[in-house]
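Trainee: Spelled out, the chains give:
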Amino acid sequence: MGDARQIIAQRAAREIKDGMVVNLGIGIPSLVPDFLDKNVRVFFQAENGVLGMGPTPKAGADGNLSNAAGYPVTILPGASYFDSAIAFGMIRRRCIDVSILGALQVNEQGDLANWIVPGKRVPGVGGAMELAYGAKNLIALMIHCEKDGRPKIVKKCSLPITTYCCVKKIITDMAVFSVSDRLYLDELMPGFTTDDVKNNTEADFVINF
Amino acid sequence: MHIFDKVTDYDFIKTQFFDGMTLLFGGFGGVGTPPGLVDCLIETGVKDVKLIGNDAGFPWIGMGKFICLERATSLIASHIGSNPIAGELMTQGKLHVEFSPQGILVERIRNGGVGLNGFLTELSKGTQLEYNKPLIKIEGKEYLYEAPITGDVSIVYAKKADTFGNLVFDKTARNTNPYVAMAGKVTIVEADEIVQMGELDPEEIIVPGIYVKYIVPSKGYNWKWIWEMPDKSSRSEQPAK
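These protein sequences, in sequence, are chains A and B. Each residue of the first sequence is one higher than the last, beginning at 1 in my numbering. Each residue of the second sequence is one higher than the last, beginning at 1 in my numbering.
A couple of the hints might just be wrong.
To be verified - Covered stretches of chain A (chain B as the covering partner; in silico rule of three or more C-beta atoms under 8 angstroms from a C-beta of chain B):
(1) 52-66
(2) 72-85
(3) 92-98
(4) 113-125
(5) 137-147
(6) 160-172
Unchecked claim - Pairs of lysine-lysine, DSSO-like flavour, derived with a Cα cap of 30 angstroms:
(7) A:K58 to B:K94
(8) B:K137 to A:K58
(9) A:K168 to A:K38
(10) A:K168 to B:K219
(11) B:K160 to A:K58
(12) B:K224 to B:K159
(13) B:K141 to B:K159
FYI, nobody ran anything at the bench for these hints, they're computed from the structure. Source: prediction; values computed, not measured. Cβ coordinates follow ideal geometry from the N, Cα and C atoms, glycine included.
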C-alpha cells in the first residue's frame, strides 16, 4: 500500500510543469514534491496563508510556519504570507494552476467526494470545495479500490459530494483517467491491464490510447 | 481603561467569558490559536459556548482542549478531522457541528467584521453544506446567501501588539486572526510581545487597534505539535475530562 501511494505520487508529479502555482492536499498529494524534477520551478500555495513554500526544515522547525496539515515547512525566495481570506480569494479567483487532492470517490462526470464517510469519518470539508471550484486543473489521487475491493471510480457517488463536475484527471495505482465529456482511460500503470481496470472500475470509460 | 492602554491580566479576562456566549477564535490547526486564553477560558468553567473558528484543533492543541471538556454546545468550522473527540461528540449529539467551506467561513467572519450584510456564492450549492441557507436568484442564476458572523467575544493570537492594540502577526499564524479580531464585540488579544505606541511601523500593522478591547501577554505555545510527538497518531496527551 505504501508503495502504491509512492507510485501514484510519482505519476502525479509529471502533471506539474515549470512555472505553475500548485496546491497540494493532505495524504498522497503531500508526497508529490519528492518526485519533482529539479528543473521544474514552481510555487506551492498553502491555504493556511503562504505562497512559495519550501521543503521541510532540516532543523529549527518553527511552530508558526507550517503547511495546511500543520507540519513545519520553509519558504523560498519570493514567498509571501497572507491571511485566510486572501488565501481563499486567490483560490476562488483561479490563481492556482493545479490542485491535487485526495479522493474517496469520483464518478463519470468528475464529481468529487472527499470530505465525509457518514457514521465513520467526519473530517470536514476544509478547503477542498474552494480548491475544487477555483483551481484551473483538479487532479484526484487515490488507491483504485477500497480495502474490501469495492471500486472508487463509480457511476454515481454514494458518499456526499464535495464539488460537482470538477475533477479533470484521476490518477490511481492502476490507471490514469481524464474527464471531459465523459471518462477516458488514458494510461495503464505498470503491471496492470485494461481488463484489470475494467474489473475494478464501476464507471463506464472509453479507452483512449 | 484608557483606549491607549488596553493591557490587562488573565484574572480580569476571566470576567469577560460567560455561559452561552458566542466565541470566535483565531487559528488553523492550533497555529495562531492563543494558548493562554484557551487555558483561561477552561479555568473559568463557562459552559454552553457556541464556538466559531476554522477547525477543532487537536485534542491537546488549540480550541481542541476546550472542545474535549464538552462545554461547547455548537461549533461552526471547516474541519474537525484532527480532533477525533470532536467527531465522537458530534456523533453522540453532544456537539452540534455546522461545516463550512474554509474560505467561505473566514469570509463570513470578515463580512461581520467590516459591517456588511452577507454575500452570495455558488460554492456549496447542491451539497450537504447548503444547510437551509437561502437561495437567491439574480439574472437567472441561483446563489447561496452566506450570512455575516459576529461574536460576543473573540480571542486572537498576535506576534506583537502595542498598547492601543495595533497588531502584527507571525507567518502562517496569521490565518483567520485578523478577521476574528474585527468580528468580536469584545476582542481579546494574546501577544508574544507588547510594545509602546509608536514602536510599530504603521506600514506593518495588519489589524488597527480600534478593533481590540483587551491585551494580555503570552507565554507562547504550551502544547506539543503533532510533529513533535514520538507517535504521530498519539492521543495520550489529551486532557482528562
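Trainee: It remains to establish, for every hint, whether it holds in the given structure.
Mentor: Outcome of the hint check:
1. 52-66: Contact hint for the stretch 52-66 of chain A vs chain B: holds, 6 residues under 8 angstroms.
2. 72-85: holds (count 6)
3. 92-98: It is violated: at least three residues are needed, and the stretch 92-98 of chain A offers just 1 whose Cβ sits closer than 8 angstroms to chain B.
4. 113-125: With 8 residues closer than 8 angstroms to chain B, the stretch 113-125 of chain A meets the three-residue bar; holds.
5. 137-147: With 0 residues in contact (Cβ-Cβ under 8 angstroms with chain B), the coverage given for the stretch 137-147 of chain A is violated.
6. 160-172: holds (count 5)
7. A:K58 to B:K94: violated (42 angstroms)
8. B:K137 to A:K58: With a Cα-Cα distance of about 53 angstroms, the restraint between K137 of chain B and K58 of chain A is violated, given a limit of 30 angstroms.
9. A:K168 to A:K38: holds (26 angstroms)
10. A:K168 to B:K219: violated (47 angstroms)
11. B:K160 to A:K58: holds (27 angstroms)
12. B:K224 to B:K159: Given that 30 angstroms is the threshold and the Cα spacing comes to 19 angstroms, the pair holds.
13. B:K141 to B:K159: violated (44 angstroms)
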